[in-house]
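One-letter residues, chain by chain:
Protein chains: 2
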Amino acid sequence: MGKGEATRERILEIAEAAVLAKGFGATSIDEVIAEAGLTKSGFFYHFKDKNALAREMLRRYVKTNDQLFDDIFARGRQLSDDPLQAFLISLKLLAEVMADLPNGHPGCLIASVCYQERLFDREVRELTAQSVRDWNARFRHILDGIAAVHPPREPIDLDDLADMMSCIVDGAIIMSKTLNDPSRLERQILIFRSCVKLIFSAPSLS
Amino acid sequence: MGKGEATRERILEIAEAAVLAKGFGATSIDEVIAEAGLTKSGFFYHFKDKNALAREMLRRYVKTNDQLFDDIFARGRQLSDDPLQAFLISLKLLAEVMADLPNGHPGCLIASVCYQERLFDREVRELTAQSVRDWNARFRHILDGIAAVHPPREPIDLDDLADMMSCIVDGAIIMSKTLNDPSRLERQILIFRSCVKLIFSAPSLS
DNA sequence: CAGAAACTGTACTTGCGGTACGGTTTTGAC
DNA sequence: GTCAAAACCGTACCGCAAGTACAGTTTCTG
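Taken in sequence, the protein lines are chains A and B. Taking the numbering used here, the leading residue of the first sequence gets 1, the next gets one more, and so forth. Taking the numbering used here, the leading residue of the second sequence gets 1001, the next gets one more, and so forth.
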């Protein structure tokens, strides 16, 4: 890894923390480079503009997040052969991980971008959209495996249920931040878990 | 109503649309006043700074939203005496209202503020927090009424379930915007409805 | 050692939020 | 109709942040 790459990483790390804390618009380049210990020229050597910074931040964020979810859901499958049990275990693990983050979940960059639409170019917006689609597909796949073994009682659209996971997490992050109460995120994941449990393990109506 | 109040209303309406579309930081005062047909001096006559604008926008938004929810949940209670049925009907109505918005739900101002924290002063942030708390209390109250008649099968924390409503809506708005698919919001409300139905009307496990 | 990569420094442009302040029109109460 | 307050307009200005331009310098690497 060249020295340039290390600097880029440092910039991205500092910028991500600042953006999640204050929003993209409120994060100035001056502030980032001051903390990173380089000059404006140095910054624009690595990123042609703020949009390029956003793009790389997103790529980084999505990658890290995917890794986390891969780990957690793989761990769930290790702990149970039943796909429903595996998913429920993973959700519990996810809740614990989210609760253990010292100052709550740092926030969701995708949502941050969402509420700043026009600040970003098409490429950035397409990147966020694709990552959400990937997320949904991931959960959809898990739910398919569950439904094959445990047919849901009520006619539930599995696509919508997969979407629900992302919605809950994003919504809970917002609530955690707004109310300054990190525990909400954990609790929302657990109540979603209860819903999944009910949907797939409820006995049939006579 | 004085002429000043009418102007203030016009500014707030234009600003709200712009902020929901592009975020607070990306909405310039110049742009708002151009559309409102007045000058910078005129703007600062009504709002001492951008924060004051945000504050009044939020008050307006929360008020309008509360009114909408009051109507919908009152209508639900009109249509059924059973609190569970009334709530389920209201959720269906809510989903329909959200689906009927021509370009999807305009977005949630609270979330917009959430991701711009440092741009706003303490008063604005406290306003958003309070409105979320009020929202949650509203749903908690409805759920209390339901649980009194239909004890939930699994031990479900009603506070968390009340929170879930807000989380779903906020999360679904983000997803709708990100994927440019207004139907997601409607579908998420309906699947939340299914969950509520399952929780309160599922038969006991033998 | 050479050349490429990784910067620094300075100077400038643009756009936005915000201030200052004097002047002008509009409105509503008497 | 009068008169003061309310509701503006115009102009000029400040500071900050994004971004450009470009020449020069250091640092790594083959």
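Check each hint, because a few of them may be wrong.
[Said to hold, decoys possible] FRET-style restraints, in silico, Cβ to Cβ:
no., chain 1, residue 1, chain 2, residue 2, range
1, A, 151, B, 1049, 50 to 60 Å
2, B, 1035, A, 151, 51 to 61 Å
3, A, 3, B, 1099, 47 to 57 Å
4, A, 145, B, 1123, 44 to 54 Å
It should be emphasised that the hints constitute simulated quantities derived from the structure, not laboratory data. The beta carbon of each residue, even a glycine, is placed where N, CA and C say it ideally should be.
task: Evaluate the given range 51 to 61 Å for the C-beta pair formed by residue 1035/B and residue 151/A.
output: Taking Cβ atoms as reference, residue 1035/B and residue 151/A lie about 54 Å apart, which means the hint holds.
- prompt: Could one say that the CB atoms of residue 3/A and residue 1099/B fall in the range 47 to 57 Å?
  reply: Once the Cβ atoms are compared, 54 Å apart, the range 47 to 57 Å for residue 1099/B and residue 3/A holds.
message: Tell me if the beta carbons of residue 151/A and residue 1049/B are separated by a distance inside 50 to 60 Å.
response: Given about 58 Å between the Cβ atoms, the range holds.
message: I want to verify a distance hint. Is the separation of the beta carbons of residue 145/A and residue 1123/B within 44 to 54 Å?
response: holds, 49 Å
Checked against the numbered hints given earlier, this structure breaks none of them.
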